[in-house]
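Number of protein chains: 2
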Amino acid sequence: MLSKNKIKYIRSLELKKNRKEEQVFLAEGHKLVEDLMGHFPCPLLVATSSWLLQQRKIEAEEIIEVTQEELDKVSLQKAPQGVLAVFKQPQYELQPEVLKHSLCLALDDVQDPGNLGTIIRLADWFGIEHIFCSMGTVDVYNPKTIQATMGAIARVKVHYCDLSLFIKSLKNIPVYGTFLDGENIYGKSLSANGLIVMGNEGKGVSPEVGGLINKRLYIPNYPVDRTTSESLNVAVATAIVCAEFRRRMC
Amino acid sequence: MLSKNKIKYIRSLELKKNRKEEQVFLAEGHKLVEDLMGHFPCPLLVATSSWLLQQRKIEAEEIIEVTQEELDKVSLQKAPQGVLAVFKQPQYELQPEVLKHSLCLALDDVQDPGNLGTIIRLADWFGIEHIFCSMGTVDVYNPKTIQATMGAIARVKVHYCDLSLFIKSLKNIPVYGTFLDGENIYGKSLSANGLIVMGNEGKGVSPEVGGLINKRLYIPNYPVDRTTSESLNVAVATAIVCAEFRRRMC
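For the record, the sequence lines run as chains A and B. Going by the numbering used here, the first residue of the first sequence is number 19, and it counts up by one from there. Going by the numbering used here, the first residue of the second sequence is number 19, and it counts up by one from there.
No lab work stands behind these hints, which were simulated from the structure alone. Heads up, none of these hints are tricks.
Because identical chains cannot be distinguished in the list, a pair is counted as satisfied if it fits within a single copy or across any two copies.
Derived DSSO-like pairs: lysine-lysine, alpha-carbon spacing no greater than 27 Å straight-line: (1) 162 x 34; (2) 221 x 162; (3) 221 x 49; (4) 96 x 221; (5) 162 x 175; (6) 38 x 96; (7) 49 x 38.
The following block holds chain A by itself, in its conformation from the complex:
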């Protein structure tokens, strides 16, 4: 059974301030919790008896068995499944030298938690291990972000930093970005390493960060002379750019 204090604690993790203070995050659902278990320490696991019975090994400091009704009450999901877990936030060291031999993403104030989660998921698909986020980017431990990663958060390392300072510190690293006045991505040579910068949903890349991008790309619309939407969703644009980089290597 869940005590009032535990309910209050779990609910409090909806807010970034409390997640940061406790250095934890929430994950819900069979698949996601099973995928993250073992990757991150789990101080608290709340589950129904039927979920618990199906598990061979549960690595959690505290396990609380509840009814589905109790879980429904504390869950942040619309359709709660049999399990909810609190995991420890990982601590990663910022290592700019990974950019010498691998492709990474940078996000300049992406605001929507679903977009960030979707980007983490596709980064994982395309073998991108590091994402550098501006301090104004939505919190990666937002429950909506964690759910949208579909477990990719176990493999992709997300760093927060002063993005323009970070990019300025890079030496001889190609820095890519997409702009309406950029060059057709399909005709450009693309490197196997470097940084791909994606911007905010409404405003795109900030002028400060934009000035540091030395490879300006454009995803052509079709047909090119047609009036269409003015832009693509940021996760969609990221996907097309990443697919184009990886396509050359397949």
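Place chain B on chain A using the hints.
Using the frame of chain A, we list chain B on its own:
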């Protein structure tokens, strides 16, 4: 000022049942309402005086001027802007012959309203004018879908039909879909016309519809021998596939 009846009416449009009965949908925000105005008849427009002052021409049957506070109360958005409009749902005729000379999308039970809106927006970017949805696909007039289209709903025609019956009725039309055991999309020849079928977020394409797909594609992950996420978000996968079709024509 908004009467209680009007507030009740607007609020009621959050539900598909009521939207269907009234044959209308809701749109909010400067940019979206301005983009849709003129494309669809507008029986009701609710706006602040400052928004109304900025408009040259408003094509609405009824205009109600409100304060921002009144608008906030009736809005479904987290951050309401100065305007909310009720538009008439368009009626499109199902014309399978468009598939003879153009590329179209089919969605088999896509559930998330944001995903549907994002797909409509990217379809518009890639010059795809028709989307055929299974009856189990989320309602295109869901307010979250409309907002996510960012106005592309004015240009892309969304049809609902029995998807397997529809595909069975097609003669000599290539029908594409993505599957984990499909062929590498980058190496396949892709036609300038035909249907690209995308499936449900959790279950993918249904077995019935899947059996009607004659071109089975796969978006390669990278590196191919690495353990990664098992799949991509449906809007992301749709984007990569559409970009690949259009890339050949740029």
